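Colleague: Chains as they are written, first to last, in my numbering: chain B, 1 to 178; chain A, 1 to 539.
FYI, nobody ran anything at the bench for these hints, they're computed from the structure. Among the clues, some could well be false.
[Claimed, not checked] Derived CB-CB ranges, DEER-like:
1) B/Leu42 to A/Thr81: 36 to 44 Å
2) A/Ser31 to B/Ser48: 30 to 38 Å
3) B/Asp30 to A/Asp79: 41 to 49 Å
4) B/Arg170 to A/Gln141: 42 to 50 Å
5) A/Asp125 to B/Leu171: 16 to 24 Å
6) A/His58 to B/Gln174: 17 to 25 Å
7) B/Lys68 to A/Ser34: 22 to 30 Å
8) B/Ser48 to A/Asp79: 42 to 50 Å
9) B/Glu173 to A/Asp220: 20 to 28 Å
Treat the numbers as computed from the prediction; the structure is a model and nothing was measured. Each residue gets a CB set at the ideal place from its N, CA and C atoms; glycine is no exception.
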Amino acid sequence: MSAVVQRYAAALADVAAERKIGDVVRRDLDAFAETFSSVADLRNALESPALNAEVKRRVIEDLAAAMKLDSAVRNFIFLLVDHRRTELLPEIQQAFREELNARLGIVEAEVTSARELSAGEKQELTSVLEQRTGKKIEAQFQEDGALLGGAIVRLGSTIYDGSVRDQLNRLREQLEME
Amino acid sequence: MANIKADEITKILREQIENYQQTVEVDEIGSVISVGDGIARVHGLEKCMAGEMLAFPHDVTGIALNLEEDQVGVVLLGDYTQIKEGDIVKRTNKIMSVPVGDALVGRVVDPLGNPLDDKGPIQTDQRLPLERLAPGVVDRQPVREPIQTGIKSIDSMIPIGRGQRELIIGDRQTGKTAIILDTIINQRGGDMICIYCAIGQKRSTIAQVIKTLTDNGAMDYTIVVAASATEPATMQYIAPFAACAMGEYFRDSKRHAVCFYDDLSKHAQSYREISLLLRRPPGREAFPGDVFFLHSRLLERAAKLNDQLGAGSLTALPVIETQAGDVSAYIPTNVISITDGQIYLEADLFNAGIRPAINAGISVSRVGGNAQIKAMRQVAGTLRLDMAQYRDLAAFAQFGTEQLDKATQAQLARGQRLVEVLKQDQYQPLMVEQQVLIIFAASNRYLDDIEVVEVRRFEKELYPFIETNYPNVIKTLREKKAIDDGLRDEIKKALDAFKEAFKASMEEAKADKASAGKTAAAVAEATPAPMPAEKVPAH
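Based on the sequences and whatever the hints tell you, model everything.
Modeller: Written out as structure tokens, the structure reads:
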């Protein structure tokens, strides 16, 4: 992720944290990003150098009013369009979420398991991870039969691998060494 | 793998199953953003250390060289063509290291310590990091023991001590590798471990070197670390550091080792390649700014340790190849200023038949003089001076010597004989006692009335004569390592006796020649025979 993305995301997070509207900003930013990527006309209009800034500004204002976007998000979109950084929007979205999570002490966890976990198991796993990291865990669950058994938890760039596949791989390495 | 027993496998499996609950592996990972030219950029790996080994898929290893804000620049070792974007990279928490130990002696290995010969796996479990801090000031002591190269002109005028760093510099095809090979061969029967590190050379040349060493029985105490020109720049870049780590093992275990880096110009080029690919800013001749530090941190690790640390030593003999004699290029000046002296080889001398083609005028050894044995110091004291004076006069007297006064003519004649004495065939290293004898003869005017073309024959026949008729001379010299009055008289007596016999044989030969007329054989004898030096694998 480039430094530019980090800076835009950090600036937006500053504003959101100051006014304590993190969740609102996140929701509105996601909503706008969704619209922006799915409606080609809007993208063309905002990225076109043929339209002058005043026209773009009016388009965004009308759109923000229709979507009931928060003023912070609206202003942020003005800024992006003025600076011609709209193509970075998906990355900024991601970086903003991470930045916000970091400030709130939330860690995103990606859990892959061999079979679907029950609600109780998910709850238990999350609380163990929370104890371990001392932070609030926001977990996403998915299944992958190739693991054979067990689960893999990914926290940022750290991986906890407790899958049967990994155990077998390591056993093979160990046997090959001898 | 082949001889593992079935019950061992069962045991391991059982242990694994019993401990199954406890083994959740924690890894730090990143993912490959881009890969190419042996360089990968990796996102993630936030806690990665500089110089850390990273595990890529397909058993490829990498070294983290650039730690940036949002990515890590990694150089890849091994077959990087299978790595693709998005691949997972794992941290290993290990700094790059190579296997070291006695098991490596006699082997040919690549810079990662994998065997390249057919002698099976290397049985050692000791490893040392590639990059290590050089011993500090307190850990060292001045160089005090010599390392004998067996080459007359070096051991007499440019002596090298154990723990010294002496640069061998010269154009291509001037016999740089030949000096190294002679030095290695001369260590036979001694306590020195030799480590020859080939960087960016042709595989055929490396094979030739190994064959020469094997034929001369020198592989018994030699390690060859080879990164040929076909290996990626990364391998060439780490090769001298690997060789140095292997040498440090001997240095730290109270023994003596010598590392030959052949050559550091190629090493600098491979480092330049890596640096440019990692987008570090280029400086002079497009080398990165830290190319000086690259070589100084390598050569600083050569040291003579103090007695508390066991007095081991690691000597470094780096090689630099100059382009058309240009010693003021970037890399040569760097390495000249790092080392404790240089042996300068010249193409002109080489072509004039003076081999080894050492230019004694600008070759120096800044610390080795202390390490020379006393006998050699005694006889070689005036040698450098005589040679310097001869060179001045020779330039002056190029257009004829008839009008010169007697003293000058004598000096010229002397110089010509000294030059002859310092010539030496390849793969014929001499014991230091033999060197002392011939230089003693030269500086005590024993050669002044011998024809210049006969000097080499004089030398050749002198050694066996002394050995059979005056074995005591060599023996006393070896024991005392110095020439006192008694020994001086003995040497003189031996030389007098030999000279008499030699002169008689010379008269005889002259008579023969006169009777046989000017045959082709006589002409052939008078011209110096072509030396095997021409077959030297040049680099």
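Colleague: Looking back at the hints listed earlier, which ones does the structure fail to meet?
Modeller: The structure conflicts with hints 7, 9, although it agrees with all the remaining ones.
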